[in-house]
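Chemist: Construct the entire structure; sequences and hints are all you get.
So the protein sequences, as listed, match chains A and B.
The working numbering numbers the first residue of the first sequence as 102 and each following residue consecutively.
The working numbering numbers the first residue of the second sequence as 0 and each following residue consecutively.
What the hints contain is simulated information worked out from the structure, not anything from laboratory work.
Don't take every hint at face value.
To be verified - Derived pair list, reagent style DSS-like, types lysine-lysine, alpha-carbon separation capped at 30 angstroms:
#, chain 1, residue 1, chain 2, residue 2
1, A, Lys394, A, Lys422
2, B, Lys197, B, Lys172
3, B, Lys15, A, Lys651
4, A, Lys651, A, Lys114
5, A, Lys394, B, Lys197
6, B, Lys217, B, Lys172
7, B, Lys209, B, Lys172
8, B, Lys15, A, Lys644
9, A, Lys651, B, Lys63
10, B, Lys207, B, Lys26
11, A, Lys651, B, Lys209
12, B, Lys207, A, Lys651
13, B, Lys26, B, Lys63
14, A, Lys644, B, Lys63
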Amino acid sequence: MNKVVGLTKVLLKNAGGTKQKASAWKTVLIMIAIAMGMIPMILGAVVFLSALYDGLELIGQQAALLGLGVTVASLAIFMFGILYVLSVFYYSQDVEQLLPLPLSPGHILSAKFLVALVYEYLTALVLLGPLLITYGVKSGGGFFYYLFALFIFLLVPILPLVMAALVVMLFMRFTNVGKSKERFRLISGLLAIGVALGFQMFVQRQVSSKADSIEQLQQMIVSQENGLLNMITQFFPASKLAALALQNSGTLLSWGFLASFLLVALASFGVFLVIGNRFYFAGVMGISEAVAKRKMVGAAAFQKLIRERSRLASYFLKEWKILWRTPAFLLNCTLSSILVPLLVLLPLLAREDSEKLIAHLQSLMQGEQAGGIGLAIVFGAFLILGSMNSTSVTAISRDGQGFFYNKTLPIGPGQLILAKVLPGLLLSGISVLVLLAEAAWLLALPGEFLLFAALCVIPSVLFINLAGIAIDLLHPKLGWGSEQEAVKQNMNTLLLFMIGLVAGGLVVVANFLIGASLWVTALGLFVLFVLLDFLIYRLLVAKGPGWLEKIEE
Amino acid sequence: MIELVNVTKSYNGATKAVDQLTLTVPKGEIFGFLGPNGAGKTTTIKMVTGVIRPDQGEITINGKNIGTTPLEAKQQFGYVPDSPDQFLRLKGLEYVNFMADMYQVPKEVRGQRIMELARRFDMTSALGDSIQSYSHGMRQKIMIMGVLVHNPEVWILDEPLTGLDPKSSFTLKEMMREHADSGRTVFFSTHVLEVAEKLCDRVAIINKGKILFCGTFKEMQQHFQSDVSLESLFLELTKHE
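Modeler: If you want it as structure tokens, here you go:
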């Protein structure tokens, strides 16, 4: 047990990266900024949940909210679990260092499970926290309610995480074949994510036709005839126990429910250990092995490979190749820039009534008045989509401990920063163009609108990438152990997302308040963001080299 | 030629990693930089190569100041860091060519040089593979090739022999000798004192950020009036610190 706790601590610390004293205040500032960005979302959830509660209370069915909430949270935790398990169990590349230590497979499995569980708790805090607290306040819950809520909060993520781990472990075990393991790993990781997304789409389709408004949602919860709820509840039967325990917290019966829920969680962990023991290690061995052909490069290929390029082009090309060849970067930076704009379509297309909805949206986009706000929304979407791409905001972080080597090369700081921001610009440019193409196709956007939107792509993409590289220059995360940490567990990416969210929101709100026409909106946004871009650019030119200089590991 | 004048670097404003260090590495010599762990060797090399900035003092490489004219100064040297685990996702040849681009080596020259270096380090059949598939020694060799491809005037090598097989180690030492004999500069740090004793024209021993001794091995023996090995002298020198 001590070994498990010790190992968990080490793994968690490793994932956090080395802390630099000097930048502690920057970390705090980033945390505050992120928390501030989360507040509107959490407030929205609380408002929604209390409205739902009030409606259900009228018919005495408020407890159904707990059942639904825990179930939905379990589902989300399962989805996130797939990603966490992939990253903690497979892409973190530390198993080969752990195996020679006097640890049993059970120790390693348990510690890794706990690490993933910690991440799940952070996720559950956002997903489950507002529900448990809103319900408690609304129902006037006493000491026992909150005690039970705490237990439930701690227990709920275990079962979905075990399920996610089993799915991934089986996947990885049976794809651990062939010579080019790294590439295979990547494909199987993508497949696992695909399965999760497919499942989500299926759920979405089930629920969409019946739950458009709060009233309909209440209806659905009460009538209990909904296939979806039954299905998810079947998928996570234990969440019923959690809801029942909370509902009657404090009574003898509720202790029984809680105990049963605890038993289910423990049993599922037992299953995880047994299956993990059989499949995990066989699936993770040699995960980062690369193939070597050891063949002479042919004369023609040699001449091609030694082509002469400018420093800028050569550095850009190096960044570009590394982005595509490193699985963690490919998943989080390159592929995501193409996949995300496609994935945002899924919830829309997955609805049973998607045609009706699209037709409705189309009609909105055709009117004279809608032009300005429509463009503002598209512009906001560009900013948010751009901010979801972590290529520029991790451009320095990705180099890790090897970053200092850049400083020994005879390339000027301006060129270096430019070469580092170019891949991000290119990728988020592709990203927003894909989004624009989708919108043009689905919504039959008028030509004039498209022209303005396409024009606005440039300053919006520039803005988000320049902001990204500025953040990373000021606060890079270089002390990582696996590439996954550089892009995934990097707070800079979250900060940039918040900036995109806030800037995008402001653009839409401002346009809504002003009510400008298409022409004015296009011109206004273009000029405003070109100006902003110019300001950040001047800042980067003036201060960037100094920031670069200050990065001393 | 490398010149450091009164160079000081402290971390957190307290501990001085390098303290008022003055050192001249002349042309035509292999210069060994020795010292126990944490003595300030790597900090010094990082200041010379422009990775970190000294708090005080001047550093010039072939007369070019690394602080005021960094790009010109960086063109003068090639630097092999102590950890070769970099650029792992690039193929060996891609990496060497990237370095050739950084130093703007003309195409005709770079092709010949790459082939010659690959032949000498026995890397011809590995150039097309990713650096990730290389062993530690091969990674070390490709880093050295990346540096030598622009034929720098000054070589700065941090623990270059670690992990090399006997033949590559011999080749590198041979190349260091050739380079110095052609009137240029080789500055390298090592913990292997037998190598330093045999290979270096001159050594400096650093401890706690200060140079304890700088000169030829002969001068060192005369200075301490002893004919023991460099190892014994080194241990004696750094013992009381």
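Chemist: Are the Cα atoms of A/Lys644 and B/Lys63 separated by 30 angstroms or less?
Modeler: Holds: A/Lys644 and B/Lys63 sit about 24 angstroms apart, inside 30 angstroms.
Chemist: Holds or violated: B/Lys217 and B/Lys172, Cα atoms, limit 30 angstroms.
Modeler: holds (21 angstroms)
Chemist: Is the Cα-Cα distance between B/Lys207 and A/Lys651 30 angstroms or less?
Modeler: holds (24 angstroms)
Chemist: Would you check the hint for B/Lys15 and A/Lys651, treating anything up to 30 angstroms between C-alpha atoms as holding?
Modeler: holds (18 angstroms)
Chemist: Given the proposed pairing of A/Lys651 with B/Lys63, does the C-alpha separation stay at or below 30 angstroms?
Modeler: Roughly 22 angstroms between the alpha carbons, so the hint for A/Lys651 and B/Lys63 holds.
Chemist: Taken at face value, is the distance from the CA of A/Lys422 to the CA of A/Lys394 at most 30 angstroms?
Modeler: holds (19 angstroms)
Chemist: Would you check the hint for A/Lys651 and A/Lys114, treating anything up to 30 angstroms between C-alpha atoms as holding?
Modeler: holds (25 angstroms)
Chemist: Does A/Lys651 pair with B/Lys209 here, judged by a C-alpha cut-off of 30 angstroms?
Modeler: holds (24 angstroms)
Chemist: Holds or violated: are the alpha carbons of B/Lys209 and B/Lys172 at most 30 angstroms from each other?
Modeler: holds (27 angstroms)
Chemist: Need the status of pair B/Lys197, B/Lys172: alpha-carbon distance at most 30 angstroms?
Modeler: Judged against 30 angstroms, a Cα distance of about 10 angstroms means the pair holds.
Chemist: Could you grab the alpha-carbon distance between B/Lys26 and B/Lys63 and see if it respects the 30 angstroms cut-off?
Modeler: Holds, at roughly 15 angstroms.
Chemist: Could you grab the alpha-carbon distance between A/Lys394 and B/Lys197 and see if it respects the 30 angstroms cut-off?
Modeler: violated (38 angstroms)
In terms of the numbered hints stated before, the structure departs from hint 5 and from no other.
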